[in-house]
Amino acid sequence: MLKVYYRIIISCWKTFGISHWFFLWLFLPPLAFILVRLTLALDEIFFYKYRDIKVVKPIFIIGHPRSGTTFLHHLLTQTEEFTTFKAWHIFVPSLTARILAKPLVDYLVKHNLNSLIPDDIGHGISIDRVEEEELLFLHQADTQFVLLTTPLAFDDQEHPELRFHDQQPASRRRSSVKFFESCLKRHIYYTGKKQVIAQIHFSTHRINTLLEIFPDAKFIYLVRPPHETIPSHLSLDRNFLDNQWGLKNIPPDKIQRYEERRYRYNVELYRYFYQLHKNQEIPESNVMIMPYNLLRYDLKKAFDKIVMFTGITPSDKLQHSIKKQAQQQTNYQRKHRVKNIEEFNLTREQIMKDLSFVYEEYNFDKITNRL
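Position 199 of the sequence shown, counting from 1, maps to 199 under the numbering used here, and the rest follow consecutively.
Just to be clear, a hint being listed does not mean it is correct.
Quick list of in silico lysine-lysine cross-link-like pairs, DSS-like style, CA-CA up to 25 Å [said to hold, decoys possible]:
#1 Lys102 <-> Lys49
#2 Lys194 <-> Lys178
#3 Lys57 <-> Lys305
#4 Lys194 <-> Lys49
#5 Lys324 <-> Lys301
#6 Lys178 <-> Lys54
#7 Lys54 <-> Lys193
#8 Lys323 <-> Lys300
These are calculated hints, taken from the structure and not from any lab test.
With the sequences and hints as input, model every part of the structure.
Following this line, the structure appears as structure tokens:
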């Protein structure tokens with residue numbers, strides 16, 4: 001973690017100079033780290049019974065970003081009958097700290113000050129809205145989100161250790177997942193709901209480690225044609241960089257380098273799952289592949305497959321909501337514009353070539369040829 005922090009400071013200095021950003025990132029990460037660790041330690045005194053909680057058959061939604069992972073996550077958790085995290089729960093994982101933070105959260109929500117990132121960038125974040133649990137790994141500085149949400153996005157060095165989690169030293173990779181497990185236990189204790197449904201798309205790269213800690217986990221792998229996901233993901237990231245820093249404040253060559261890396265990292269994520277699945281390294285009972293188009297155009301059938309695979313017992317309320325959603329599905333319109341592939345110096349032909357294994361495995365080549 002110290003190496004990551006050091007590189008964040010160096011990258012911030014090289015990109016923004018001695019500015020307010022530099023001092024923010026100089027002091028904010030260590031302060032946040034100390035507060036989180038201190039309050040988590042207090043949980044061991046005031047809420048020690050959380051350790052007795054068992055995380056049984058957690059459901060993990062994985063896959064390439066923009067494959068429908070957020071949609072499915074929100075769909076399954078909309079009636080709040082399962083354990084899932086709102087954004088403020090992720091930023092405040094300690095049960096002790098939540099007691100202190102809750103009045104502030106309630107105040108912000110009451111006065112409509114709950115938005116952290118606007119919806120129109122492609123993925124809005126509000127403190128009181130369900131959010132992807134992958135963000136919990138930010139507390140360990142062990143997720144690809146570190147490469148987006150901090151000045152590390154502009155680092156001269158690459159950081160494969162933040163991508164290839166299953167290839168990390170055993171102590172490091174297991175420590176991160178054990179931390180994740182402790183957060184799940186705390187949240188089950190906090191909510192009283194035992195069934196975990198978590199959206200952890202970048203953790204596609206840590207499936208093996210997750211299976212070591214959660215051998216009965218159920219993985220739902222969302223898959224969508226790369227020529228749809230990649231421009232959408234790159235558009236989202238560019239919008240986020242603009243919202244976070246202002247594109248005019250970032251040297252163009254650093255934006256271009258970030259997007260070139262991001263494309264390569266996306267290819268790596270597709271390839272990692274493909275190889276694991278093809279080599280039968282994931283037990284069939286632990287993983288289900290869900291095509292995005294099935295989720296998009298036959299939601300009822302997709303939901304029935306998920307229920308059968310995971311063994312969850314959805315309430316009548318959730319089933320009614322799913323049925324209603326299925327009837328309205330075709331009217332969905334995204335709230336942000338997906339930029340043309342060419343804006344990222346890519347072509348559909350290049351994407352199809354670099355990810356030919358995906359198109360062949362899931363018959364996306366046939367779909368694409370009809371376009």
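Starting from Lys194, check that the Cα of Lys178 is at most 25 Å away, please. holds (18 Å)
Hinted pair, alpha-carbon criterion (25 Å max): Lys178, Lys54. Please report holds or violated. holds (13 Å)
Sort out whether Lys49 lies within 25 Å of Lys102, counting only the CA atoms. Cα-Cα ~21 Å, so holds.
Does the alpha-carbon distance linking Lys194 and Lys49 stay inside the 25 Å limit? holds (15 Å)
Below or equal to 25 Å on CA atoms is what counts here, so check Lys54 against Lys193. The hint holds at about 12 Å.
Is the hinted pair Lys324 and Lys301 satisfied, with a Cα-Cα distance of at most 25 Å? holds (14 Å)
Between Lys57 and Lys305, is the straight-line Cα distance small enough, at 25 Å or below? holds (17 Å)
Between the alpha carbons of Lys323 and Lys300, is the straight-line distance 25 Å or under? Answer holds: Lys323 to Lys300 is near 7 Å, not above 25 Å.
In this structure, every one of the numbered hints holds.
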